[in-house]
Amino acid sequence: MNRRPYDATRLLKWYPPAWRARYGDEFVAFVDDTLAGERPTAGFVFSIALGAVRERGHESGLVGTRQAPTVQSRAGALLVLCAWSVFMFAGASFSKLSEHSAQAMPAGSGSLANVGFVIVAFSGALGMIVVLVGAGVALPSFVNFLRSGGWQVARQRVRLALALTALVLAVIVPLTLWAHHLTSLQRNGGDGPYSAAFVAWAILIALTLVSWDCVIVQCVAKMDLSPRILRVEARLAVVVSFLMVAITVGAACWWADVAGNAPWFLQGASDGSSSSPFTPNLIITLALMVGASGAGAIGVSRIARSWSRT
Amino acid sequence: MKKSTTNEGLRRTNDPPFLILTSLASGPKHGHALAKDIAAFAGVNLGPGALYGAITRLEERGLIEPLSGVERRRPYRITEAGSKSLATAVADMRRLVDVSTARLRLAIGGLS
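Quick note, the sequences are listed as chains A and B, same order.
Using our numbering, the first residue of the first sequence is number 1, and each one after it goes up by one.
Using our numbering, the first residue of the second sequence is number 1001, and each one after it goes up by one.
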């Protein structure tokens, strides 16, 4: 039986449109010549995927110096904003995990955990305010963008994001009613069906945040932002990035103190029992915070580089 | 990109832009011919992402330029700026090789 020749144009779709227009034909010819009718290896496909990510980074202004400093600065600020949305998710998870931790700590201990918790709460609230100020500063430009045909560009993604948001909100009521019938232990992993529903809801929230991120990136990339607004947004992004680092440090301090003095709390076990302080939920939460802080730092480095070029 | 190593695990140069400029120094080539030539003279198999990423950057910097294509294949040639850039890189490498060679002689002399 003859196998169909491999369709290299599928791999080309990962690259940005402008790159495809310039290099697409010769790239497909190169892939066809190299494969000579064979299927590509995983390494070959990975090389193309990596190259496509790199080219998208160059085109957006996140990598290299091809783009103007204003584009670099805008890309850096957008990256910080996307990292902040990851932080919102991780912060909600941390808030749930650390609920009632102060009562679980033995008398005379927990000062570091308290300090860590206050840093997380204060920095989180401040971060939200800064993000809202940033949104307010960009609002007139956003309205202009919508009036000049932007709605046609963004409407599909906005509709998807709105539908996901409505679904998230609709699920809150039955989930809360269900939780009221359960004990604290059942709510924290003791009840299988409830835990599965909660995880599904958390995934839905994550998808909703990603869909709104896509809307914001698509709109902001096409919006006409004055140099003054860009400078303000870039400075706010730097502040948010520092706050993300502060939140991560605060959460790590809280974890370290609770792990040392009341590790059973992290496992939801009875007081004084021998427990590991390493729980999957907390590890994932801290990993998200560290990853988002790293992404924020990359965004700030792009902003700093754009400033050094102007 | 598969990296070439010596028996002792020390890497030879495998910087894609350097390899592409070196290949084009002997005449214009299209993507597949470039990859085959580089594999032959340097023992480095450049993956498609690395090869075309480097071609894109070199063209942006004006170090190579495209020629009119044959069917879908578009050959590239090294520009004057590319030749100068390659000459500078080779001179830097030669200085490094000279130092390594001199110190290696010294080390062998010290051992004997």
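It is worth saying that the hints were derived from the structure and are not from the lab.
Predicted model only: the values in this text are computed from it and were never measured.
Take the hints with a grain of salt, since some may be wrong.
[To be verified] Which stretches of chain B does chain A cover? Using the computed rule of at least three CB atoms under 8 Å from a CB of chain A, they are:
#	stretch
1	1029-1038
2	1068-1074
3	1086-1092
[Claimed, not checked] Listed next, the in silico DSS-like pairs over lysine-lysine satisfying Cα-Cα at most 27 Å (straight line):
#	chain 1	residue 1	chain 2	residue 2
4	B	K1084	B	K1036
5	A	K13	A	K222
6	B	K1084	B	K1029
7	A	K13	B	K1029
8	A	K13	B	K1084
Even glycine gets a Cβ: it sits at the ideal position worked out from N, Cα and C.
Hint check results:
| no. | hint | verdict |
| --- | --- | --- |
| 1 | 1029-1038 | holds (count 4) |
| 2 | 1068-1074 | holds (count 5) |
| 3 | 1086-1092 | violated (count 0) |
| 4 | K1084/B / K1036/B | holds (24 Å) |
| 5 | K13/A / K222/A | holds (21 Å) |
| 6 | K1084/B / K1029/B | holds (19 Å) |
| 7 | K13/A / K1029/B | holds (25 Å) |
| 8 | K13/A / K1084/B | violated (36 Å) |
Hints 3, 8 from the list above are not met by this structure, while the remaining hints are.
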